[in-house]
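Enquirer: In the order they appear, the protein sequences are chains S and U. Just add 50 to wherever you are in the first sequence, counting from 1, and you've got this note's numbering. Just add 156 to wherever you are in the second sequence, counting from 1, and you've got this note's numbering.
One or more hints might be untrue.
[Unchecked claim] In silico DSSO-like links for lysine-lysine, alpha-carbon gap of 27 Å or less:
#1 U:Lys229 / S:Lys94
#2 S:Lys101 / U:Lys234
#3 S:Lys121 / S:Lys94
#4 U:Lys229 / U:Lys211
#5 S:Lys101 / S:Lys112
#6 U:Lys211 / U:Lys226
#7 S:Lys112 / S:Lys77
#8 S:Lys121 / S:Lys101
#9 U:Lys234 / S:Lys94
[Unchecked claim] Reference listing, derived: stretches of chain S covered by chain U, where coverage requires no fewer than 3 residues with Cβ under 8 Å from a Cβ of chain U:
#10 121-135
#11 154-165
None of these hints come from the bench; they were simulated from the model. Remember, predicted model here, so these are calculated numbers, not experimental data. Idealized CB from N, CA, C, for every residue including glycine.
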Amino acid sequence: NAGVMQNPRHLVRRRGQEARLRCSPMKGHSHVYWYRQLPEEGLKFMVYLQKENIIDESGMPKERFSAEFPKEGPSILRIQQVVRGDSAAYFCASSPPGGRPNTEAFFGQGTRLTVV
Amino acid sequence: AQTVTQSQPEMSVQEAETVTLSCTYDTSESDYYLFWYKQPPSRQMILVIRQEAYKQQNATENRFSVNFQKAAKSFSLKISDSQLGDAAMYFCAYRTIQGAQKLVFGQGTRLTINP
Chain S
51 NAGVMQNPRH
61 LVRRRGQEAR
71 LRCSPMKGHS
81 HVYWYRQLPE
91 EGLKFMVYLQ
101 KENIIDESGM
111 PKERFSAEFP
121 KEGPSILRIQ
131 QVVRGDSAAY
141 FCASSPPGGR
151 PNTEAFFGQG
161 TRLTVV
Chain U
157 AQTVTQSQPE
167 MSVQEAETVT
177 LSCTYDTSES
187 DYYLFWYKQP
197 PSRQMILVIR
207 QEAYKQQNAT
217 ENRFSVNFQK
227 AAKSFSLKIS
237 DSQLGDAAMY
247 FCAYRTIQGA
257 QKLVFGQGTR
267 LTINP
């Protein structure tokens with residue numbers, strides 16, 4: 051059973067370009083969380099999605115950031131018109147449907163976004 | 157909103173010795189979950205240990221144990237017989253049982269193991 055797969059692992063974008071980060075949850079998992087980790091900081095919650103639904107996006111910046119988790123295919127975190135401050139590691143975590151809160155959230159290895 | 161504080165940005169310990177990493181949190185909830193995650197240079201987040209707030213017994217996992225003081229809102233991690241492979245960033249995290257059940261992380265403690 052493959053773990054949570056994120057790609058790419060490293061992404062370099064020029065200011066003003068779009069960044070697309072992909073996350074394939076573990077097989078059977080229908081809940082996806084996105085977190086951002088700035089250098090030398092802990093992970094910060096961004097958004098929580100279930101298949102085809104955004105459940106909680108309270109941690110998402112109001113502009114330029116969007117997320118989706120379609121019925122088929124990976125979850126996508128999209129950052130439009132990137133700025134240097136978007137440089138960070140972005141992590142995806144998945145958990146199964148109906149999971150209790152003590153259930154381990156399985157993390158991917160993250161995508162390190164560098165904006166130049 | 158819940159907050160998690162790790163007051164030790166860096167810690168070091170001699171190999172085979174014991175080290176304790178501190179974590180405090182703030183919440184108005186009575187039921188929740190607490191976790192310690194390890195992040196080695198590979199960036200992979202690895203679950204070390206978990207504690208359910210309604211359980212008084214402290215969780216243990218081999219060389220890893222916690223000291224959970226609910227009234228003090230304290231959740232420290234003790235690593236016994238430290239090994240070189242324990243070197244990593246360690247993050248304390250809080251998870252609510254309500255709503256999105258998202259994780260709230262502390263700032264992390266960088267642990268160095270001296271041979």
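Enquirer: So which hints don't hold here, by number, going up?
Expert: 2, 7 and 10
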